[in-house]
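Trainee: Each chain is listed here by its residues.
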Amino acid sequence: MSVVYSVTAQLLAIAIAVLGAPLLTGWVNQCRAWLQNKSAPPLLLPYRTLHKLFYKESVVAEHASPLFRAAPYIVFGAMVLACGIIPSLSTDLPLAPAADAIALVGLFALARVFISLAAMDIGTAFGSLGARREMLVGFLAEPALLMVLFNASFLTESTSLASIVETIGGRDLAIYPSLAVAGVAFTMVALAENARVPVDNPATHLELTMIHEAMILEYSGRHLALIEWAASLKLFAYSCIGLAIFFPWGIAQVHEPIGMLLAAPALIAKLAVGGALLALIETLSAKMRIFRVPEFLASAFMLAVIGMLIHFLLGA
Amino acid sequence: MTELALLPIDWILVAVVAWLAVGVAGIVRPGSFFIVARVLFPLGAAIGLLVAVAAIAALVSVPQIAVLPLGLPGLPFHLRLDALSAFFLFLLGAVAAGVSVFASGYFRQGEGTPPGLLCLLYHLFLASMAMVLLADDAYVFMVMWELMALSSFFLVTANHVIPEIRRAGYLYLLIAHIGALAILLCFGVLQANTGDYTFDNMRAQQLAPFWASVAFLLALFGFGAKAGLLPLHIWLPEAHPAAPSPVSALMSGVMLKTAIYGLLRVSFDILQAQVWWWGVLALVLGLATALFGVVFSAIQTDMKRLLAYSSIENIGLLTVGIGLGLLFAGYRMQTMAALALTAVLYHALNHAFFKSLLFLGTGAVLHATRERNLGKLGGLLRFMPWVGWLALVGALSAAGLPPLNGFVSEWLLLQSFLFTLGLPGTFVNNLVPVAAAGVALVAALGGYVMVKFFGVIFLGQPREPALAQSHDAAIWERIGLVWLALACVLLGLFPAQVITLIDPVTRVLVGDGIGAKVALHGWLFLAPVDPGRASYSPLLFLVLVAASFALSFLLVRTLYHGRLRRAAPWDCGFPLLNARMQDTAEGFGQPIRQVFEPFFRIERHLPTPFDREPSYRLVATDHFWHWLYLPVAHIVELASRTVGLLQQGRIATYLMYSFITLLVMLVLVFR
Amino acid sequence: MEALLFVLGIPLAGSAVLALFGHRDGAPEINVAFSLATFIASAVLTAQIIADGPILVLQQQFFVDSLNVFLVTLTAFVAFTTALFARPYMRIERDHGKMTAPRMRLFHSMYQLFSFTMLLALLTNNMGLLWVAMEAATLATVLLVAVYRTPASLEAAWKYFILCGVGIAQALFGTILLYLAAERVLGAEGGGLLWTNLNAVKGQLEPTVIALAFVFLLVGYGTKVGLAPLHNWLPDAHAEGPTPISAVLSGLLLNVALYAVLRCKVLTDGALNTRFAGDLMMGFGLLSVVLAAFFLSRQRDVKRMFAYSSIEHMGLITFAFGMGGAIASFAGLLHMTVHSLVKSAIFFTVGHAAQKAGTQIMENIRGLARVNPTVGWGLMVGSLAILGMPPFGVFASEFLILTTAMREFPWTTPFLLLSLGVAFAAVLGKVQPMVFGETTVKPLAHPPALIPVFVHLGFALMLGLYIPAYLNNWYQQAARLIAGT
Amino acid sequence: MPALFTQLVNLFAALLLLLSFALLSQRRVLSLIHLFTMQGMTLVLSTTVMAYSTQQPHLYYSALLTFLLKVLLMPWLLHRLINRLNVRWDVETLINIPTTMLLGIVLVIFAFNLAAPISSLSASVARGTLGIALACVLLSFLMMITRTKAIPQVIGFLAMENALFFAATSATYGMPMVVELGIALDVLIGMIVLGVFMFQIREQFDSLDIRHLESLKEE
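Read top to bottom, the protein sequences are chains A, B, C and D.
To convert, count from 1 in the first sequence and add 1458; that's this note's numbering.
For the second sequence, position 267 matches number 263 in this note's numbering, and the numbering has no gaps at all.
To convert, count from 1 in the third sequence and add 799; that's this note's numbering.
To convert, count from 1 in the fourth sequence and add 103; that's this note's numbering.
Simulated from the structure, these hints should not be mistaken for lab results.
Note that the coordinates shown come from a computational prediction; the quantities given were computed from them, not determined experimentally.
Errors might be hidden in some of the hints.
[Unchecked claim] Calculated cross-link-like contacts (lysine to any residue; reagent style SDA-like; alpha-carbon spacing at most 25 Å):
1) K1229/C <-> L634/B
2) K897/C <-> T1239/C
3) K1229/C <-> L626/B
4) K372/B <-> D468/B
5) K1514/A <-> G569/B
[To be verified] Here are a few chain D residues that sit away from chain B, every Cβ distance over 12 Å (derived from the structure):
6) L121
7) S128
8) S134
9) M144
10) L188
11) F213
12) F244
13) R305
14) L316
[Unchecked claim] Per label pair, the in silico range of CB-to-CB distance:
15) Q493/B <-> L1501/A: 48 to 54 Å
16) I631/B <-> F1208/C: 22 to 28 Å
17) H161/D <-> I839/C: 35 to 41 Å
18) L291/D <-> R948/C: 21 to 27 Å
Each residue gets a CB set at the ideal place from its N, CA and C atoms; glycine is no exception.
Just chain A, with the same shape it has in the complex (with noise of 0.2 Å):
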């Protein structure tokens, strides 16, 4: 009995993700549009988008590797499984124990790599230059990422997502000052992966300041539409990375099904909540130099760090 719960909450969280992550981007691009007096874009652009794009005959240059046309597929495969472990609605996910937090890190930096070795692939300048850029911000937003999870990890003695979550979630409310430091961490570094304002502009092509934008510059079509979907995805995974961390509650517990009912809500609420807040964000702040991301990103570095110091002095 309680298989056919965990499976379905499983088909359920990848499904959701996978469907409802477009709708996520396309609620903060209205609300930013909101915020800047702009007559926002429809809620469902992206989805429009994507079909057009799959729609689309996708040209590819003459001497592009299969790496270069597998890379989109691996992206957005390595994104499906990082929402499928993720516990978005219930800590229940057959799939979890398949990848720990760090596993999760680890995820991400394959993404990474594959896209940034295909950006490489095709031999243009921007190419390259995206895929330097991406490393980059990578090199420093992987590891900030890692320690803001081990901040948890420490706290709950654990790196399983799941239990993170049911640990945190199952106690009471609690305020931990290291989750705290490690919050405002995790925030940039959420920034800065999801190529958000202040560190890249999804909505610019402007060669000086953009990084994932140069690193796509050569797809087209069908590929185009599976990058965009990932990156969608992603924005999603970080948003429910965050929620699952630092507001773990409504999140169903093992064995109830009522309790995943509750949940669904409970994460649109979250979500619309969050991608306000990432527009506000993105609305209040300005793009800075390509050369000062890694002093942002190093100060989330350290900020993790030192919630981790905090949780050993406090010892909590």
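Following the hints, position chains B, C and D against chain A.
Mentor: Just chains B, C and D, lined up with the frame of chain A:
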């Protein structure tokens, strides 16, 4: 494995003798290229396999002892094959098999030393490494240790016409020898004036903490010199690129591990890891080494130097793990120590495979293009697909990406950091998170380095027109590469099984292991303590990613279409785009150079607007060379000049020396 | 008994014969033949000693025990191989016009006389005769050092003569004091100079006199051992004399001088029952090792460099004997053996290398391995062996010495570590480009004699990996003798 | 044994010391040789006295030997040498004479103090002589250090041999005959070798100034 007529140790001795025989056979017809390449090296590879199999057998069987009628009177060669030796012997054999097969296709006519001599030195190198791992008394250990250094020295200087290579070899042998002297003194302490140099006796000695620490420090210095720990790493980026690629592969992949073996053997097995601050020392030293290595490898423009620095990084990570193990063992937390050591051993194995794979890959590239400078390579994936894709496997595992092997060991290492809560002492407790952060940073930078390595060599467009003619690796080389790549994948996918094999080794070292617990949770999942705490299943991981890959692929094809048009890359409206405009290796390293500015000693030459032919040159060198080695050399030179004044040719002065000596001694008698 | 007479008689007769025919064409062969005969005789003698223990013959004037018999064999052997090497070498020198017929005669007869004095010094039981033999050895070689008659060689010989003469005079004074001390115990007719008698009564000898005597003896014989700061004659003499002489000086003379010191040390330890002698020897040894190491790193002349390396190794051996104890003494004896084997082998290769390049300046000797691999690799392997690289015997002894020092006298190890490191850097850094790289040397008229080189290195290799039982027994007995246990 | 002999031996010993000082201070080569001869003569006399007083026959032989060698042969050789090479100049010293003398006196005191405990043990007639012998050795050592020409240096060397010989005869009852013979032989050969050298050096550097022999050094 009892159905073997001989014990594993006998098999390994047979293999050693066979290796020597192969080498000697090579010297019989030194000129004959065919025999050496097509007969002897494959033979050596087969022997390597034998060693690996026998080692596996030894891992699961009781320690075995052999005594050879050689050595000093009263001190014959004691050999002992316990789990620790067996583990490293397996590493040696398996890697050597792949490298030898590759080498049989690699060595060409007319490159420096005649092939027969190379064959002799190469197999002498292998045999001496095997003997080092078998050694059970100080004398045979030292003899084989130095023999290893010597044979590799001659291998490094195989192409001795080039002065840089001679210099590299010189530096290598010098530092190796000084390290060996330190190890010698370490054994001198350990034997505690009993005149009995067997390791058994050394285990029996109850050294005072002071002497134990002296011994440990000497060992750390000696083995660190061989492993390339800061600040004794200086030889490594010189010697590894100088050697022929198979030799570089063996040196990076296996020889450095013998140093790790020695450190484990002395600090855990013989000294029983008594003092906790040893761990702190090793931890800090290792962390510094790892960061230094990875940062330097990020800015290299020579592909083999890049790999050499990355070896320094990995040695650093191993040392961090050892330090953690020492720390835990110092506080008698054996299980945790076992976890850390499992990570160390696992990573040693992984590094052996992927690093030799990468070095062999560079060897193939070198032969195809005669070019080591990353700035002159590129786009080779199209011309040499075999090397390219196999190198990709190596690069991904070196980058520590799931589901390949590099990730498993890094995962284990980070896990063992997460268990430091129980450690007493605020200092240690504050050190640990910082160290963990450092390890994470190093791992991420490792990813950066590998993207640079693979992307610049194999992706993009050829930076030189000549590259278009470069041919793929021949069959022998392919076999070698495939063997190593396969090992990387398997080690990545079946960690639980590997750890059950590592278990007896950690039992030798700290009397505890995690194999049982891991086996408890089945073959699919890797959960060192319990799944609720941490678990990882690379196989499932791979399956899931692949599944979603396939699913999305099929869906896209079915719901939409598979139309694809080939066109020229988009030139952003600038029609004269060419291969030279790609990001260079220097460019790719530039962010790191900016972020880690203080690490380097940079000499930059920028062109001015008025230059006739503007040129840009940037040399980033090692601070240690200028701050440590040159001063030492200067001091020695100064001292010898001072001493030289004694000998100024006048006989009266010489008589004066004798006279004064006489008087002084007479005073000594009657004081 | 007879064997002993042969051992001493053959070289004496040889020098007489060669004094007559030494300038003929066949002279080198005669030289080899006599040396071979001596070697055979000494081998027989050794066999007898192993068979029926120490002997004391000719009114106790000659005494053969395990300590000196192995040195006798070693001496005879190295003298023989050196003669083999000298055969083509001196021919080439003659072709180069550096040797004339009378000089060849001088060389050959003096060569035999030298080996006679060495053997006499080893075999005699009489401290006075020992002194006489040592002095005679100087006199026999001093003219050979000057045999080229170049200003440099004359200067070297002059320094050799004066410094060693003065030094040895101190040794004579020491001997007199020894006799003085012995006379009070043994009486005027008691054969107070016979080592066996002295050894028998060493417990009753007057400590102060013996201490004083040992000081003089150490200064005297130490000068010939080449202990710093009494070593100054050694590099010059080695560098300027013909290479066979450099080989025997390094390989034999130093050993014999050290043997004399050892005999005296045994008596002194017996008389004083303190570490006095040992400490002095350790001090000298350490000083020599350190100084020599730093000298090594500034040499330009190849023979001079290896002369300093001899000083370093003699220092190491003296240090080992100074430490005392069974293991260290064993190591010292082993080191004596392998050093004289390896060092003479090195001088053989160096001699040919210098002949090929027409110079002894190392900057001008390049890439030997290209033109003549055997010489090149011989030099390389020999240098590595002398630097203490296993599996050669030098490593075995250094292993024992260092490990013993680390526990008994830890304060000495930094010095040893430092100087061994510096020496390694110096010698390897100079030899490597000589052997490898682009070449500057040209082939020779006569085929070089390299069998001795590889025979020596082969023995050194064997001693590093496997020490035969009977050899081991020698070493053990001798070590017991020296360590006085 | 009668005190007379002891006094005689002591007298000769004092004479020997005196001669050593004279050697140390003397500039002219010819007179150096004369002094050396006188030293030898003193040695012979003291040896004979010892032999007579202690009834040791072999001391007579050694006295005879000394006479032949050190009184007749050596001086003759030296004379021939300086005639052949005609080097009869004054010898300038490295350190000026008075300083040398002062050093010498210090050495003598040092030697006496050194020998005091030993000579009290000496079984032989002449107790004080050992100290004197030691002093002579050190003095001739000093002489060798200070002289810049070859022949004076050699004379210093021979004087040292004399001192040693004196020590051998007076402090002990003389060395065994075989040793004596050996020593004598060595000294003889040494002289000859030296002579040969002198000529060689002469023909190479056309002078016997050993400051020409300073080229072999660590540059």
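Trainee: Hint by hint, note whether the structure agrees.
Mentor: Hints, one by one, checked against the model:
1. For the suggested pair K1229/C and L634/B, the alpha carbons sit about 18 Å apart, so the restraint of at most 25 Å is met.
2. Distance check on the hinted pair: K897/C and T1239/C sit about 22 Å apart at the alpha-carbon level, within 25 Å; holds.
3. A hinted pair counts as satisfied when its Cα atoms are at most 25 Å apart, and K1229/C with L626/B qualifies at roughly 18 Å.
4. With a C-alpha separation of about 18 Å, the suggested pairing of K372/B with D468/B holds against the 25 Å cut-off.
5. In summary, the hint linking K1514/A to G569/B is supported, as the alpha carbons are separated by about 22 Å, within the 25 Å threshold.
6. Taking the minimum C-beta to C-beta distance to chain B, about 22 Å, the non-interface status of L121/D holds against the 12 Å cut.
7. Even its closest Cβ contact with chain B, about 17 Å, leaves S128/D beyond 12 Å, as expected for a residue assigned away from the interface.
8. Look at S134/D: its CB is around 22 Å from the nearest CB on chain B, clear of 12 Å, so calling it non-interface holds up.
9. Under the 12 Å C-beta cut-off, the non-interface status given to M144/D relative to chain B holds; the minimum distance is some 27 Å.
10. Taking the minimum C-beta to C-beta distance to chain B, about 19 Å, the non-interface status of L188/D holds against the 12 Å cut.
11. Look at F213/D: its CB is around 7 Å from the nearest CB on chain B, not clear of 12 Å, so calling it non-interface is violated.
12. Listed as outside the interface, F244/D is inconsistent with that label: its C-beta sits roughly 6 Å from the nearest C-beta of chain B, within the 12 Å cut-off.
13. The claim that R305/D lies off the interface holds: its Cβ sits roughly 17 Å from the closest Cβ of chain B, which is beyond the 12 Å cut-off.
14. Not every Cβ of chain B is farther than 12 Å from the Cβ of L316/D; the closest lies at roughly 6 Å, contradicting the non-interface assignment.
15. Between Q493/B and L1501/A, the C-beta spacing of about 50 Å keeps the proposed range 48 to 54 Å intact.
16. Between I631/B and F1208/C, the C-beta spacing of about 25 Å keeps the proposed range 22 to 28 Å intact.
17. Roughly 38 Å separates the CB atoms of H161/D and I839/C, a value that falls within the hinted 35 to 41 Å.
18. For L291/D and R948/C, the hinted distance range of 21 to 27 Å is satisfied, since their beta carbons lie about 24 Å from each other.
This entry does not satisfy hints 11, 12 and 14, going by the numbered hints stated previously.
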